[in-house]
Amino acid sequence: MIKQKKLIVSHAPFIHNGSKISIKNYNIMLAALPALLAGFYYYGIRAVGVVGLSISFSIFWELAFSVITKSEKRIGDGSSAVIGIIFAMMLPATAPWWLILVGTFVAVIIGREIFGGIGGNPFNPSILGIAIIMLSWKEYFDFNQALINFDMDFNMFYPLAALKSFGASSISSFSIFDLMLGKQAGAIGAVFGIGIIIGGLYLIAKGIIRWEICFSFIAGILLTAMTFAMFAPASYTGPFFHLFTGYTLLGVFFLAPEDSSSPVNRMPMIIYGLGCGILTILIRNIGVYADGIIYAILIMNLINPLIDKIKPKAFGKV
Amino acid sequence: MLKKPCFNLTKHRLEYESVKEFSSSIVEVPLSEKLILFFDGLQDLEIKQEDLLSVKQDDLLKTGEKFLPFKDKSSKYLTSGITGKISSINTFQSDYGKKYISIIVNREKEEVFCEEFSEKSKEPTLANASEFLSCIPGGISENILSNTGEIKTIFVCGTDNDLFSVTNQYIVSSEIESLKKGIEILKNITGIDNVILVVNKYLEQTALNAEIKTEVISSEYPKSLPKLIVKELLNIELPPDKSFKDIGVDFISAEAVASIAQAYKTGKVPVQKLLTFVKKDGSKILAKAKIGTPLKDLCAACDTAIDNSDRLIIGGPMTGSAIYTDNYPILNNTDTVIVQAANKISRISDYPCINCGTCVMACPARLSVNMLVRYLEAGLYETADDEYDLSACIECGLCSYVCISKIPVFQYIKLGKYELAKIKAKAAEEIDD
Ligand code: SF4
Ligand code: SF4
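Protein sequence lines, in the order shown, are assigned to chains A and B.
According to our numbering, the first sequence holds residues 1 to 318 in order.
According to our numbering, the second sequence holds residues 1 to 433 in order.
By construction, these hints were calculated from the structure, which means they are not laboratory data.
Note that beta-carbon positions come from the ideal geometry of N, C-alpha and C, so glycine has one too.
A hint or two may mislead.
[As the list claims (entries may be wrong)] Derived BS3-like pairs: lysine-lysine, alpha-carbon spacing no greater than 25 angstroms straight-line: (1) K5(A) to K242(B); (2) K313(A) to K280(B); (3) K313(A) to K245(B); (4) K73(A) to K242(B); (5) K6(A) to K34(B); (6) K223(B) to K311(A); (7) K6(A) to K280(B); (8) K152(B) to K6(A); (9) K317(A) to K34(B); (10) K34(B) to K311(A); (11) K20(A) to K406(B); (12) K311(A) to K231(B); (13) K181(B) to K311(A); (14) K242(B) to K181(B); (15) K242(B) to K6(A); (16) K6(A) to K284(B); (17) K422(B) to K317(A); (18) K152(B) to K317(A).
[Said to hold, decoys possible] Per the computed footprint, the stretches of chain B lying under chain A, defined by three or more beta-carbons under 8 angstroms from a beta-carbon of chain A, are: (19) 84-90; (20) 108-118; (21) 170-178; (22) 196-202; (23) 258-265; (24) 337-351; (25) 363-369.
[Unchecked claim] Selected chain A positions facing chain B (in silico; Cβ < 7 angstroms): (26) N17; (27) I21; (28) N27; (29) M29; (30) V264; (31) P305; (32) P312; (33) F315.
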């Protein structure tokens, strides 16, 4: 008998659409670029330093973890770099190196690796990192203090802090247009609203993040803020101010739609987005925190597995 | 059926191949020295029980002769495509424990045609169709051949189930007259009046010109899978525990219908299978070969050398199966044969599910595939079925095709269904005891 050829046997399908986790992550980085560049423009070399450190530390932590646990090294897929970038986008340009080191540790190791690595994280890792260091070192997130040495040609009072401390009348000095352009005090990647929107729309167009989540998130914010403003216009400001301040847009396009911690079915996505939006405004308007995005998304991350149980009836089932 | 998410500009739909863009002549595969005939009516019988076999080595078969491999009065039979002697009888194990008996027929120099069919079938009847034609190219289902009145509608598929294939479309576009004749015969012998040709938009005009009762379905994958045809044309979603027979529907391929016409016209049982052959460079040609021709002869006739580490696939790229030997025959339902070069094979990865939800968006059966994989990976087949509708999957393979982590989702699903069937069978047995 002639020697049998050794053919490859595997299961159908035998073709693939070519999508890759690394390509997805590179796209997210690309989308973050407009907002980041604006941050670099306003806050200069210190902002560049913060972002650079944050990316390096994140990658370092993942590498260290995979060496210690002897697991496969996957840093090439860019998911730690994405955590690093998004984490840095939420920091003030003055964040010290050790804060970043601790924050990325929480994000990468506690937020993701101990849950089994990529895909296993119940919370958005970057948010978890920020939330923990925010609780521990509050002063660094007092953007008025943090950015005191920056002298800009625009109002350097952190808009959400102004709203929280002095009420709706105090914010008349902020023009929505300036806020959109990034002419406000805030985190490196969170000030340039238009840039974030461009990045977000790019991701939606690429199918990387889901429009259901983003749009319902925005709807949640607008509706809730509008309701507040309608009943007590003196104490609460209108919805657009909320949209362009703090981490709002970052939350809408980069934080809430993170794969592992957000739903995949349509109805749940909408509920999740609305929930994030509503909670954000509730926290901002009646809670103690100036910015509610972080906690709103964490809470929705937590109940995501529950909402994602709402699914359509399968084929042929009644 | 990759639903385009709103605003998503980059994802493309998966379209079926169109025969209209197909411009090659048919390769006639020369007669092989031997044919391999597969018999799948094995069930519990073992080949070792030689006294059960009704054929033995050195038995002579004529071209077009039908024979029963087992003495058992099962109505299943095989048709030999050449004149030759049986040289060996073996069992062949296929995916998921499926067993075949393979009967190898060595060709004799002189070809002798079997006259049995032409003598007995001056007039087409269901009885003689059932007696001689169940193995024709494309095959005719048991339910049609033994019609006892349950089947009310027959869909003649002028579409191809899987991507790359144009086999049935080619029949519609070039043998429309035989197809029309075949449909008439089918109606007459079964007494079923509602015989509908299903085509996609590329062939609508051809079918209408021939005045055949026609329905048009989308040319987007997987719209021509039987369950989706029923959904689209009859607006019925077939529940997982029901069969097509329960709703009075059956399917037959355009090729089979054209073969019926040819059988009664020529008095010979058709044994030539038409198929789409996809070469290593991705180019596609049509080839005609006798049922039972070993794939290596087919590849040779199509100028394709098979090397180590290539992949040889029967059936389409989404739902077919890769086989480990080129000594495997063309069966009567082999519409597509694909040879994939070693360097073009995309490997699976060992990434976990990242919960991106692309599979959920792609799934035509609306399954939460992301959750399903988690349960299937853990081997929890019953929970996977109870909570995440494993059995409602219509087996299109899209979930694996789109999975960004390259998880073999579809493989998990098929295995899950197989294991689930075993669990259920066992449970049923225990109740019986
Ligand atoms: S779960 Fe089944 S029906 Fe859904 S995409 Fe996968 S193979 Fe197709
Ligand atoms: S496409 Fe793959 S990675 Fe994405 S949710 Fe489905 S199974 Fe998970």
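These are the hints, each one checked on the structure:
Among the hinted pairs, K5(A) with K242(B) is inconsistent with the structure: their alpha-carbon atoms are about 42 angstroms apart, more than 25 angstroms. For the suggested pair K313(A) and K280(B), the alpha carbons sit about 41 angstroms apart, so the restraint of at most 25 angstroms is broken. Among the hinted pairs, K313(A) with K245(B) is consistent with the structure: their alpha-carbon atoms are about 23 angstroms apart, no more than 25 angstroms. A C-alpha spacing of about 47 angstroms is found between K73(A) and K242(B), which places the hinted pair above 25 angstroms, so the restraint is violated.
With a C-alpha separation of about 22 angstroms, the suggested pair K6(A) and K34(B) falls inside the 25 angstroms cut-off, and the hint holds. Between K223(B) and K311(A) the CA atoms are separated by roughly 23 angstroms; this keeps the pair inside 25 angstroms, and the hint holds. Restraint check for K6(A) and K280(B): satisfied, since their Cα atoms lie roughly 17 angstroms apart, inside the 25 angstroms limit. Between K152(B) and K6(A), the direct Cα distance comes to roughly 47 angstroms. Violation of the 25 angstroms bound is thereby established for this hinted pair.
A threshold of 25 angstroms between alpha carbons decides the hint, and for K317(A) with K34(B) the separation of about 48 angstroms lies outside it, so the pair is violated. For the given pair, K34(B) sits about 54 angstroms from K311(A) by alpha-carbon distance, which is inconsistent with the 25 angstroms threshold. With a CA separation close to 8 angstroms, the supplied pair K20(A) and K406(B) stays within the 25 angstroms bound. Restraint check: the Cα-Cα separation between K311(A) and K231(B) comes to about 20 angstroms, which is no more than 25 angstroms; the hinted pair holds.
Of the supplied pair hints, the one linking K181(B) and K311(A) is violated, its CA atoms being roughly 47 angstroms apart against a limit of 25 angstroms. Restraint check: the Cα-Cα separation between K242(B) and K181(B) comes to about 32 angstroms, which exceeds 25 angstroms; the hinted pair is violated. Only pairs whose Cα atoms come within 25 angstroms are accepted, and K242(B) paired with K6(A) is rejected, the gap being roughly 40 angstroms. Using a Cα cut-off of 25 angstroms, the hinted pair K6(A) and K284(B) holds, with the two alpha carbons roughly 24 angstroms apart.
At roughly 22 angstroms between alpha-carbon atoms, K422(B) and K317(A) fall within 25 angstroms of each other, so this suggested pair holds. Annotation: proposed proximity of K152(B) to K317(A) holds, straight-line Cα distance about 23 angstroms (limit 25 angstroms). Counting residues of the segment 84-90 of chain B whose beta carbon lies closer than 8 angstroms to any beta carbon of chain A gives 0, which falls short of the minimum of three for the stated coverage. Requiring three or more residues with a Cβ within less than 8 angstroms of a Cβ of chain A, the coverage given for the segment 108-118 of chain B is violated, as only 0 such residues are present.
Coverage of a stretch by a chain is defined here by at least three residues with a beta carbon nearer than 8 angstroms to that chain's beta carbons; for the segment 170-178 of chain B and chain A the count is 0, and the condition is violated. Interface restraint, the segment 196-202 of chain B with chain A: violated (0 residues with C-beta to C-beta distance below 8 angstroms; minimum three). Coverage of the segment 258-265 of chain B by chain A is violated in this model, with 0 residues showing a Cβ closer than 8 angstroms to a Cβ of that chain against a need of three. Remark: the segment 337-351 of chain B is confirmed as covered by chain A, as 8 of its residues place a Cβ nearer than 8 angstroms to a Cβ of that chain, reaching the required three.
With a cut-off of 8 angstroms between beta carbons, the segment 363-369 of chain B has 5 residues touching chain A; three or more are needed, and the interface restraint holds. Interface restraint check for N17(A): the shortest CB-CB distance to chain B comes to about 5 angstroms, inside 7 angstroms, so the restraint holds. Here the hint on I21(A) is kept, as its CB sits about 6 angstroms from the closest CB of chain B, short of 7 angstroms. At a threshold of 7 angstroms, the smallest CB-CB gap from N27(A) to chain B is about 10 angstroms, leaving the interface hint violated.
A hinted interface residue such as M29(A) counts as satisfied when its beta carbon comes closer than 7 angstroms to some beta carbon of chain B; here the least separation is about 16 angstroms, so the hint is violated. Given hint, V264(A) at the interface with chain B, holds; its Cβ is 3 angstroms from that chain's nearest Cβ, closer than 7 angstroms. The interface hint given for P305(A) is violated, since its Cβ lies 9 angstroms from the closest Cβ of chain B, which is over the 7 angstroms cut-off. Hint on P312(A) holds. Least Cβ distance to chain B is approximately 5 angstroms, under the 7 angstroms limit.
Below 7 angstroms, beta-carbon pairs count as interface contacts, and F315(A) has one with chain B at about 4 angstroms; its hint therefore holds.
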